[in-house]
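Residue strings, one per chain:
Protein chains: 2
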Amino acid sequence: MELQVTQENFTRALSNVSRVATNKAQLPILENILLRTDNNRLLVAATNLEVASSNYVGAKVVREGSITIPARLITEFVSNLPKEQINLKVENDHLKITCGHYSSIINGMVADEFPELPVIDKKTSIKYIVTTEDFKKAVSQTMVTSSSDSTRPVLTGVYWHSFEGKLYLAATDGYRLSEKYLIDTKTELSAIIPASTLQEVLRTINDEVEEIELLFNDTQVHFKLNETEITSRLIDGIFPDYRQLIPKTSETEIILKKDDFVRITKIASLFARESGGSVTISAVSETKTLSIHSIASELGENTSEAEAETITQDGTVTLNSRYLNEALSVLDGDRVTFRFSGKLSPCVLTDGSKSANYKHIIMPLKS
Amino acid sequence: MELQVTQENFTRALSNVSRVATNKAQLPILENILLRTDNNRLLVAATNLEVASSNYVGAKVVREGSITIPARLITEFVSNLPKEQINLKVENDHLKITCGHYSSIINGMVADEFPELPVIDKKTSIKYIVTTEDFKKAVSQTMVTSSSDSTRPVLTGVYWHSFEGKLYLAATDGYRLSEKYLIDTKTELSAIIPASTLQEVLRTINDEVEEIELLFNDTQVHFKLNETEITSRLIDGIFPDYRQLIPKTSETEIILKKDDFVRITKIASLFARESGGSVTISAVSETKTLSIHSIASELGENTSEAEAETITQDGTVTLNSRYLNEALSVLDGDRVTFRFSGKLSPCVLTDGSKSANYKHIIMPLKS
Chain F
58 MELQVTQENF
68 TRALSNVSRV
78 ATNKAQLPIL
88 ENILLRTDNN
98 RLLVAATNLE
108 VASSNYVGAK
118 VVREGSITIP
128 ARLITEFVSN
138 LPKEQINLKV
148 ENDHLKITCG
158 HYSSIINGMV
168 ADEFPELPVI
178 DKKTSIKYIV
188 TTEDFKKAVS
198 QTMVTSSSDS
208 TRPVLTGVYW
218 HSFEGKLYLA
228 ATDGYRLSEK
238 YLIDTKTELS
248 AIIPASTLQE
258 VLRTINDEVE
268 EIELLFNDTQ
278 VHFKLNETEI
288 TSRLIDGIFP
298 DYRQLIPKTS
308 ETEIILKKDD
318 FVRITKIASL
328 FARESGGSVT
338 ISAVSETKTL
348 SIHSIASELG
358 ENTSEAEAET
368 ITQDGTVTLN
378 SRYLNEALSV
388 LDGDRVTFRF
398 SGKLSPCVLT
408 DGSKSANYKH
418 IIMPLKS
Chain P
58 MELQVTQENF
68 TRALSNVSRV
78 ATNKAQLPIL
88 ENILLRTDNN
98 RLLVAATNLE
108 VASSNYVGAK
118 VVREGSITIP
128 ARLITEFVSN
138 LPKEQINLKV
148 ENDHLKITCG
158 HYSSIINGMV
168 ADEFPELPVI
178 DKKTSIKYIV
188 TTEDFKKAVS
198 QTMVTSSSDS
208 TRPVLTGVYW
218 HSFEGKLYLA
228 ATDGYRLSEK
238 YLIDTKTELS
248 AIIPASTLQE
258 VLRTINDEVE
268 EIELLFNDTQ
278 VHFKLNETEI
288 TSRLIDGIFP
298 DYRQLIPKTS
308 ETEIILKKDD
318 FVRITKIASL
328 FARESGGSVT
338 ISAVSETKTL
348 SIHSIASELG
358 ENTSEAEAET
368 ITQDGTVTLN
378 SRYLNEALSV
388 LDGDRVTFRF
398 SGKLSPCVLT
408 DGSKSANYKH
418 IIMPLKS
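As they're listed, the protein sequences go chains F and P. Sequence positions in the first sequence follow my numbering and run 58 to 424. Sequence positions in the second sequence follow my numbering and run 58 to 424.
It should be emphasised that the hints constitute simulated quantities derived from the structure, not laboratory data. None of these values were measured; they are calculated from a predicted model. Where hints are given, some of them may not hold.
Claimed, not checked - So these bits of chain F aren't anywhere near chain P, every CB distance computed over 10 Å: (1) 82; (2) 133; (3) 134; (4) 137; (5) 189; (6) 240; (7) 293; (8) 304; (9) 312; (10) 320; (11) 335; (12) 342; (13) 367; (14) 399.
To be verified - Lysine to aspartate or glutamate pairs mimicking EDC-like chemistry, simulated, CA-CA at most 16 Å apart: (15) P:153 / F:133; (16) F:140 / P:331; (17) P:193 / P:264.
Ideal Cβ positions, reconstructed from N, Cα and C, are used throughout, including at glycine.
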């Protein structure tokens, strides 16, 4: 292999894919990045066997070929080179890299040992195109309630599925739940994408990516973000029938400014550290006051109040303040609707509007 | 105790002093901040028995008194309050804090148990006033070569001392050494300030601090930065007679652009990780080329070159690339003078000027 690429293109490709490279003791080649010529392009790719990321770079190919190279070293080395032409030349298992005054030899492994990159058949797949803005918002709003407990794999993903002509994303860790309407759809979909894959896609998005193409088949999902393509396995299993858990109505409904709710929650949570984050929320309709009370048995206690726009009925509920903080951090808009029915049934948070397309549910703590 | 302070003043005082509070199991009160009225002011102070930091805040004092309060909780709580008047009221061992819609009770400890804050006699002390800019520069340039090895305490500090009418700072960890001329002086000084104390002073400096007043006595140093005062013990012991270690002349002297030297050092260091940072520097006078070569036995090797303005004589020396990186990061100016005499005697880095008031010495590695 012998070719020239620009430093800008090569460093962008390397930084896009190198995060996926991993050090698994049983398969050292996964620490490497695959470089392979493809007509007038250079393929730059990495895989951890669950997720594969690849990127094509325009290249002046002198001699076809391939090699794999330690991901971290080449990524850091190339990113520090000046913005000039880079010459890559494979000799035996070594890659010789020269650029201006810089010259390196990196020891690689032959590409034959590199795992085959997954391919997805475009014709038989379900395809969606989503704007980057909608994708980022929907993924961030749902991923936050996914679980990190690998003993229940289906909960470690985000459930992309169609329901009555609409495509929804949903995730739950058993303590809280979120659901987001994304777009209308005529196709049937039911796929659980690992949260770690979605995280990788979010990291790969840059300002130049305006839309994201998604392809689903029965076992895989494929994301195309301009020149970067990410393919991931789906999580096998049945997602819980979560819709029945979302209360349609609640006894107490409160509408208030989001900033006010954020501030009193944050202050209350400082005092809730010693008690596992437990805070008690009380709504008083007569004075339109929402108050949060927290007790740190050894350190003291706190009461913070905010004025609400509406409180339909008095009520009290005890929540984990971390869950409340996280819910408020992903909610849209300036106002929040917060509703609950006494101490036992789930609390629902939505933005202040009637047409809220995002629901965030938190189970109360026993108090 | 009962008083009012503004949130802005109180939160600034707390954030200035609270870093010093520490959790030492044998003396739990050191986790607390001392609050004590003093005429129309509130004293906010913390100590870890080595360093004490205090700050006065203007206050409307209703009733004199004092208390100590957990540092982290009160600092975070007050910083999250709105910018309004804060009421503080001590009842038994509790501090009641109210501010607008926020009301907290924090459990404290009586101030009698708090260690006495150190005082320094201004009349019998040696006094210097230094601009904040000069102080920051001199401390950063020397602290970098101090040791973190507590078995040789004198090397964990920066040696402030007078020599032939000038005040110098010096520090060495046994592998490298730095010396900075600060100001002219007529008084005799010889004091080793712990690097951790200087770090704390640097952290406390904000944009409003234009000059720093230092007072030295035999065992203590006192820093005054506007309303914040920091007092620290000095390190007991004799600093090594380092001057004899600085070579007056060198066989090879190289002058080059600092950016070029930084870039080739950084790239070489990527390949030097596996070999403990070892890089070999070669200077060739005929081509005016400075090159750095590094070998990562399993990963590969690298050669990076830069053009020098001057090279007096060919030479080669092997250094730790981390030390070279750190030296370059604290050197002033656009150009660097780098000189050495073969593989064994110390290397000297200064800025490109003749009147360099900062010297940075690195011992070579055996190669």
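- Find the nearest Cβ of chain P to the Cβ of residue 399 (chain F) and say whether that gap is larger than 10 Å. The claim holds: residue 399 (chain F) sits with its nearest Cβ about 25 Å from chain P, beyond 10 Å.
- Check on residue 240 (chain F) being off the interface with chain P, judged by Cβ distance over 10 Å: Correct as stated: the minimum Cβ-Cβ distance to chain P is 39 Å, above 10 Å.
- Consistency of the no-contact label for residue 293 (chain F), given chain P and a CB cut of 10 Å: Residue 293 (chain F) clear of chain P: closest Cβ-Cβ about 38 Å, beyond 10 Å.
- Query: Since residue 320 (chain F) was said not to touch the interface, does its Cβ keep a gap of more than 10 Å from each Cβ of chain P?
  - Reply: violated, 7 Å
- Quick one: work out the minimum CB distance from residue 304 (chain F) to chain P and report holds if it exceeds 10 Å, violated otherwise. For residue 304 (chain F), whose nearest Cβ neighbour in chain P is about 29 Å away, the distance exceeds 10 Å, so it holds.
- Message: Checking one constraint from the list: CA of residue 153 (chain P) to CA of residue 133 (chain F), max 16 Å. Satisfied?
- Response: violated, 53 Å
- Item | residue 140 (chain F) paired with residue 331 (chain P) [C-alpha distance capped at 16 Å] | This hinted pair is violated, its Cα atoms lying about 27 Å apart.
- Message: Next pair to validate is residue 193 (chain P) with residue 264 (chain P); report whether the Cα-Cα distance is within 16 Å.
- Response: Given pair residue 193 (chain P), residue 264 (chain P) holds - Cα atoms ~12 Å apart, limit 16 Å.
- residue 342 (chain F) remote from chain P - nearest C-beta pair above 10 Å: holds, 17 Å
- 10 Å Cβ clearance of residue 137 (chain F) from chain P: The claim breaks: residue 137 (chain F) does not keep its Cβ more than 10 Å from every Cβ of chain P (closest is about 5 Å).
- Assertion that residue 312 (chain F) lies farther than 10 Å from chain P (Cβ): holds, 18 Å
- Query: Far enough from chain P: is every CB of that chain over 10 Å from the CB of residue 367 (chain F)?
  - Reply: holds, 18 Å
The structure fails to meet hints 2, 3, 4, 10, 15 and 16 from the earlier list, while all remaining hints are met.
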